[in-house]
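Student: Using the hints, position chain X against chain C.
Single-letter residue listing:
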Amino acid sequence: MTGTTQEARDIVLRLDGITKRFGPLVANDAISLTLNRGEIIALLGENGAGKTTLMNILFGHYTADAGQVEVFGKLLPPGQPRAALAAGVGMVHQHFTLADHLTVTENILLGTQPLWQLGLGLGVARDKIARLSADFGLAVHPDAKVSALSVGERQRVEILKALYRDARILILDEPTAVLTPQETDALFETLKKAVARGLSIVFISHKLHEVMAVADRCLVLRHGKLVAERDTHQTSGAELAALMVGGAVPELSPSTAKPGAPLLMLSRVTTPDAEAAPGLKDVTLTLRAGEITGLAGVSGNGQAALSDLIGGLIRPESGTLELAGATVAAWSAHDAILAGIARIPEDRHKTGTIADFSLTENAILERYREAPFSRKGWMNWGAAEGFARDIIQTYDVRCPGPDARIRLLSGGNMQKLILGRVLEPGPKVILANQPVRGLDIGAITFIHSRLIAARDAGAAVLLISEDLDEVLKLSDVVHVIYEGRLSPGFARGSMGPADLGLWMAGQGFDHAA
Amino acid sequence: MRLEPIANPSLARRIGLPVLALAMTVVCGSLLALTAGADPFDTLRLIVVGAVGSKFALLETLNRATPLIFTGLAVAVAFRARLWNIGAEAQLYAGAIVTVLIGTGATGLPALPLLLVAGIAAMFAGAAVLIPPVLLKTRLGVDEVVTTLLINFIMLLFVSYLLEGPMKDPAGMGWPKSTALAKEARLPRIVDGLRLHWGFALAILSAIAVWVIQTRTTLGYEIRAVGLNAKAAKFAGIPVNGVLVKTALLSGGLAALAGYSEVAGLKGHLSLDLSPGFGYTGIIVAMLALLNPLGVIPSAIFVAGIFVGANSMSRAASVPTYIADMLLAIALLFMVLAILLTRYRVKRG
Numbered sequence: 001m002t003g004t005t006q007e008a009r010d011i012v013l014r015l016d017g018i019t020k021r022f023g024p025l026v027a028n029d030a031i032s033l034t035l036n037r038g039e040i041i042a043l044l045g046e047n048g049a050g051k052t053t054l055m056n057i058l059f060g061h062y063t064a065d066a067g068q069v070e071v072f073g074k075l076l077p078p079g080q081p082r083a084a085l086a087a088g089v090g091m092v093h094q095h096f097t098l099a100d101h102l103t104v105t106e107n108i109l110l111g112t113q114p115l116w117q118l119g120l121g122l123g124v125a126r127d128k129i130a131r132l133s134a135d136f137g138l139a140v141h142p143d144a145k146v147s148a149l150s151v152g153e154r155q156r157v158e159i160l161k162a163l164y165r166d167a168r169i170l171i172l173d174e175p176t177a178v179l180t181p182q183e184t185d186a187l188f189e190t191l192k193k194a195v196a197r198g199l200s201i202v203f204i205s206h207k208l209h210e211v212m213a214v215a216d217r218c219l220v221l222r223h224g225k226l227v228a229e230r231d232t233h234q235t236s237g238a239e240l241a242a243l244m245v246g247g248a249v250p251e252l253s254p255s256t257a258k259p260g261a262p263l264l265m266l267s268r269v270t271t272p273d274a275e276a277a278p279g280l281k282d283v284t285l286t287l288r289a290g291e292i293t294g295l296a297g298v299s300g301n302g303q304a305a306l307s308d309l310i311g312g313l314i315r316p317e318s319g320t321l322e323l324a325g326a327t328v329a330a331w332s333a334h335d336a337i338l339a340g341i342a343r344i345p346e347d348r349h350k351t352g353t354i355a356d357f358s359l360t361e362n363a364i365l366e367r368y369r370e371a372p373f374s375r376k377g378w379m380n381w382g383a384a385e386g387f388a389r390d391i392i393q394t395y396d397v398r399c400p401g402p403d404a405r406i407r408l409l410s411g412g413n414m415q416k417l418i419l420g421r422v423l424e425p426g427p428k429v430i431l432a433n434q435p436v437r438g439l440d441i442g443a444i445t446f447i448h449s450r451l452i453a454a455r456d457a458g459a460a461v462l463l464i465s466e467d468l469d470e471v472l473k474l475s476d477v478v479h480v481i482y483e484g485r486l487s488p489g490f491a492r493g494s495m496g497p498a499d500l501g502l503w504m505a506g507q508g509f510d511h512a513a
Numbered sequence: 001m002r003l004e005p006i007a008n009p010s011l012a013r014r015i016g017l018p019v020l021a022l023a024m025t026v027v028c029g030s031l032l033a034l035t036a037g038a039d040p041f042d043t044l045r046l047i048v049v050g051a052v053g054s055k056f057a058l059l060e061t062l063n064r065a066t067p068l069i070f071t072g073l074a075v076a077v078a079f080r081a082r083l084w085n086i087g088a089e090a091q092l093y094a095g096a097i098v099t100v101l102i103g104t105g106a107t108g109l110p111a112l113p114l115l116l117v118a119g120i121a122a123m124f125a126g127a128a129v130l131i132p133p134v135l136l137k138t139r140l141g142v143d144e145v146v147t148t149l150l151i152n153f154i155m156l157l158f159v160s161y162l163l164e165g166p167m168k169d170p171a172g173m174g175w176p177k178s179t180a181l182a183k184e185a186r187l188p189r190i191v192d193g194l195r196l197h198w199g200f201a202l203a204i205l206s207a208i209a210v211w212v213i214q215t216r217t218t219l220g221y222e223i224r225a226v227g228l229n230a231k232a233a234k235f236a237g238i239p240v241n242g243v244l245v246k247t248a249l250l251s252g253g254l255a256a257l258a259g260y261s262e263v264a265g266l267k268g269h270l271s272l273d274l275s276p277g278f279g280y281t282g283i284i285v286a287m288l289a290l291l292n293p294l295g296v297i298p299s300a301i302f303v304a305g306i307f308v309g310a311n312s313m314s315r316a317a318s319v320p321t322y323i324a325d326m327l328l329a330i331a332l333l334f335m336v337l338a339i340l341l342t343r344y345r346v347k348r349g
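So the sequence lines, in the order shown, correspond to chains C and X.
Numbers 1 to 513, taken from this note's numbering, label the letters of the first sequence in order.
Numbers 1 to 349, taken from this note's numbering, label the letters of the second sequence in order.
Please note that the accuracy of each hint is not assured.
Far from chain X, by Cβ distances over 10 Å, these chain C residues were calculated [as the list claims (entries may be wrong)]: (1) 132; (2) 246; (3) 374.
Across the chosen pairs, the derived CB separations fall in these ranges [claimed, not checked]: (4) 223(C) / 5(X): 19 to 25 Å; (5) 256(C) / 13(X): 39 to 45 Å; (6) 375(C) / 55(X): 42 to 48 Å.
Treat the hints as calculated values from the structure; they're not laboratory data.
We put the CB at the ideal spot given by N, CA and C, even for glycine.
Only chain C is shown next, with the shape it has when bound in the complex (with noise of 0.2 Å):
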């Protein structure tokens, strides 16, 4: 981009000292950006930095307090989420918003259409889309059901409904959390094309090597202030994440893994399909002391399934499991945490904690049976109160007190106060699934290094995680979940990204099942 042509400087967005509070928090501080025509920038910054209210605002779901949007050189009225979609801003969600059991083209035409029309006109609108998906080189078929439709393909119909629409600039939110790296490259591919075509784009990412390898521009966001902006060819992803954090990026380093006997084993495990996500298949696994186990997959391939099944959740229906030796038909949830199972469930919210519990009361929802917690049925609350302080001090909890209410805490705290409490007991067993999602760099640093400590001390870690990177940094072996089957353990360092990219789309098992 060199910005020489008129076209080039078009301003097609641009945001003028946008500031937005919440009670005492300043979300967004007097934020002002442009966007032009055919130009893709990235919106950098960790959880809660300000990206999502800045969209919101654009969006018109909250009132700034201060500022204005102007799109294409128009004012937008403030709170009307109607005037931005008019304007021609389309957005793609990090979470789809579409309707499961109509087809591709019903989908897209959702909305599009007054409420008093006999027939849809579906045939013109088929016609529509086929030639955008030709054009944008986003494949899929206008008459398959969208819940046939994979992952990566229902975010290529969210950016068709927005082409439908005619917009002209596309907000992508986190767009390739849920994609495999190959799916992730034709998504750039699309994005290429479309501001070759002259749509403009903001990309909302915390990745850094996708934002260097697919934006022109990157502003930087931090505590609700746009705090650097910079050209990606004069920048470097070290640089960037520097900004981001506000400071120097702690590397990890993990030593070299010392594996001892397998703690826990499954051998041949099927467990039944639920509702949305496939059931395992045929599973065998083992994890042994001082090793930490990476899964690597595409949500919703079984990762659930085997995280429920270790967490004592779900039974199998055929196979057998082997924890320490001895052949078990299944165990319940109490009996993983009586086995020394420690888990860190995926939904730290609704699973993890009780919003509205203490953190002393969550400190002890595992144990609150056992001395010295409690006696015969009588809680002890100076005990437990003890407990909660400790984690509190050795985990580095912020938080009024622990009599705080766990809402009350940010995501990285609440996290860290679930480590604690299951991992002061010592556990053998460590399954942390997605431990670090939605977490800031500096939490997820910390609950990384206490991983490895763990590991050293001798647990058997099983860490699923969605993100590739996160994955390959910390396992000491790698298996990859695709429909509920799972590869053969890769060790670390036999495998690049986009290998492991082919076996979460599928390949490699076709042989293997």
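Tutor: Coordinates of chain X only, in the frame set by chain C:
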């Protein structure tokens, strides 16, 4: 408009809003009296005097509060675990039936053991009425609101059958009421000469016991955990279904004590008008008390006071007693709103 949660509600907010709710109730009550053609100030004064204005009135209010404390506790305990027990009425009658069965039988026991046996048996009967809906809920996912509510009607018809048939008092001149309890099976008065029986003391003790269970025992911790987030409780290894069954035993037992105390303490026999909806009013009592077992005591006395006061007022002024029901409904609505506004503030945009 949208609601924004308040992290730490101020003391002014937590006390001021409920007080404001009560004030608004008084204002609305005055308007009601006005529409009935009476002087609002006079009406309110008569209600207050009728409820607490004399020793007789106060004792009457406390007597009326006694079954409401029990049913209020039954509801508070169950709702805390998100077990929607709407069937306290049926459980109350189950307790009353068993109390009559034991109290009229020739057991030959002296007073204290007889009262103990009858009380415990009544509690089991009440629990037994609540257990089937809870098992249907935990095993088959049947909504307990519907089942517990419907059992109320079945129970009333069953009591009607008993009073016309097997339990009918042969000396009752054809009235549908049971034989009177033996003297040993009656709860004595706390102080001789004052019309207040030991049922009231038992209600206060029960409230304290429930409070101790909720705050000091593992069962109380489990009940609260299941009520606030059953998914997280299950994940943490808390036996959710087992906790619900234990909650049901406690809740059904407490509701049955209302029937026990009304029969053994007040009426001395079973009749179809034993409870003018104590089981349902218990829901209001529990909600006004914010499900706090100790809060149930003042809440039940407040509700009983409105009923007793309105009764006495309607004799003096020409305002129907229905004003009591309306006042309670208004008080409940304002209180629920006050609770909401304690934790959330309304924001534009």
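Student: Each hint needs a verdict: does it hold in this structure or not?
Tutor: Outcome of the hint check:
1. 132: Answer for residue 132(C): holds, closest chain X Cβ roughly 35 Å.
2. 246: 25 Å, holds
3. 374: At roughly 5 Å from the nearest Cβ of chain X, residue 374(C) sits no farther out than 10 Å, so the non-interface label is violated.
4. 223(C) / 5(X): 19 to 25 Å: Holds: the Cβ-Cβ distance is about 21 Å, inside 19 to 25 Å.
5. 256(C) / 13(X): 39 to 45 Å: 57 Å, violated
6. 375(C) / 55(X): 42 to 48 Å: 46 Å, holds
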